[in-house]
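Counting in the working numbering, the sequence shown tops out at residue 144, every number present.
These aren't lab readings, by the way, just hints derived from the structure by calculation.
By construction, the Cβ of each residue, glycine as well, lies at the ideal position given by its N, Cα and C atoms.
Be aware that a few hints might be false.
Said to hold, decoys possible - Under the rule of at most 16 Å between Cα atoms (straight-line distance), these lysine to aspartate or glutamate pairs were calculated in the EDC-like manner:
#1 K69 x D12
#2 K131 x D12
#3 K129 x D12
Said to hold, decoys possible - Restraint ranges, calculated between C-beta atoms of paired labels, are given here:
#4 L89 x R14: 24 to 34 Å
#5 Y71 x I29: 34 to 44 Å
#6 F75 x A32: 36 to 46 Å
#7 H99 x F75: 34 to 44 Å
#8 T130 x T100: 34 to 44 Å
#9 A25 x K129: 15 to 25 Å
#10 A55 x A121: 10 to 20 Å
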Amino acid sequence: MQSNDVRTLLNCTVPTAAAGVIATAVSGAVAGGKGAIGAAAGTLVVIAFMAIGMVVLQRTAKSYPSLFQMMGLVLYTVQILLLAIVLAVFKHTSLFNTRAFAFSLLAAAIIWIAAQARAHMKTKILYVEPGSAGTPS
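Could you build the full structure based on these sequences and the hints that come with them?
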């Protein structure tokens, strides 16, 4: 990964993890230990899915730049569908509080997407290679 990709990953992970800590504390206070476990699990699922997706997207961009935009659209659609599947699978579990899990998963996904959009707006990516000969002979 390039340094700006690592910076983007870090700029997305930190706010999402901070929101997860807050969600875990609030869920623990409201729903007890199972609420805290649910909120932490929801946050970890989002961080894992989104980080893996970002790494896959960057590797695709490096190998097949012509597929980058299409792969990005497919990847985000698949990520949201996988998060919905995770919610459906754990709908009736007794391992943790499902409401805390669902709300923290939703909040973490929204925060990740907002942080990623902000990181991409702030990143300065050159669209012309510096030092390349631009004048034809």
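Legend entry - Given pair status - D12, K131, alpha carbons within 16 Å: Holds - the C-alpha atoms of D12 and K131 are around 11 Å apart, at most 16 Å.
Inset, instruction - Determine whether the Cβ-Cβ distance between A25 and K129 falls within the hinted range of 15 to 25 Å. - result: 18 Å, holds
Legend entry - Outcome of range test on Cβ distance (F75, A32; 36 to 46 Å): Given about 39 Å between the Cβ atoms, the range holds.
Inset, instruction - Given the hint that K69 pairs with D12, test it: the Cα-Cα distance must not exceed 16 Å. - result: Within the cut-off at roughly 12 Å; holds.
Legend entry - Satisfaction of the hinted span 10 to 20 Å by the C-beta atoms belonging to A55 and A121: For A55 and A121 the Cβ distance comes to about 18 Å; the hint holds.
Legend entry - Agreement of K129 and D12 with the hint, judged by alpha carbon distance not exceeding 16 Å: OK: K129 and D12 at ~12 Å, within 16 Å.
Inset, instruction - Return holds or violated for the Cβ distance of L89 and R14 against the range 24 to 34 Å. - result: Check passed, 25 Å falls within 24 to 34 Å.
Inset, instruction - Starting from the hint 34 to 44 Å, judge whether the C-beta atoms of H99 and F75 obey it. - result: About 39 Å separates the Cβ atoms of H99 and F75, which means 34 to 44 Å holds.
Inset, instruction - Starting from the range 34 to 44 Å, see whether the pair Y71 and I29 falls in it by beta-carbon distance. - result: 39 Å Cβ-Cβ, so the 34 to 44 Å window holds.
Legend entry - Status of the given 34 to 44 Å range, CB of T100 versus CB of T130: 39 Å, holds
Checked against the numbered hints listed earlier, the structure breaks none of them; every hint is satisfied.
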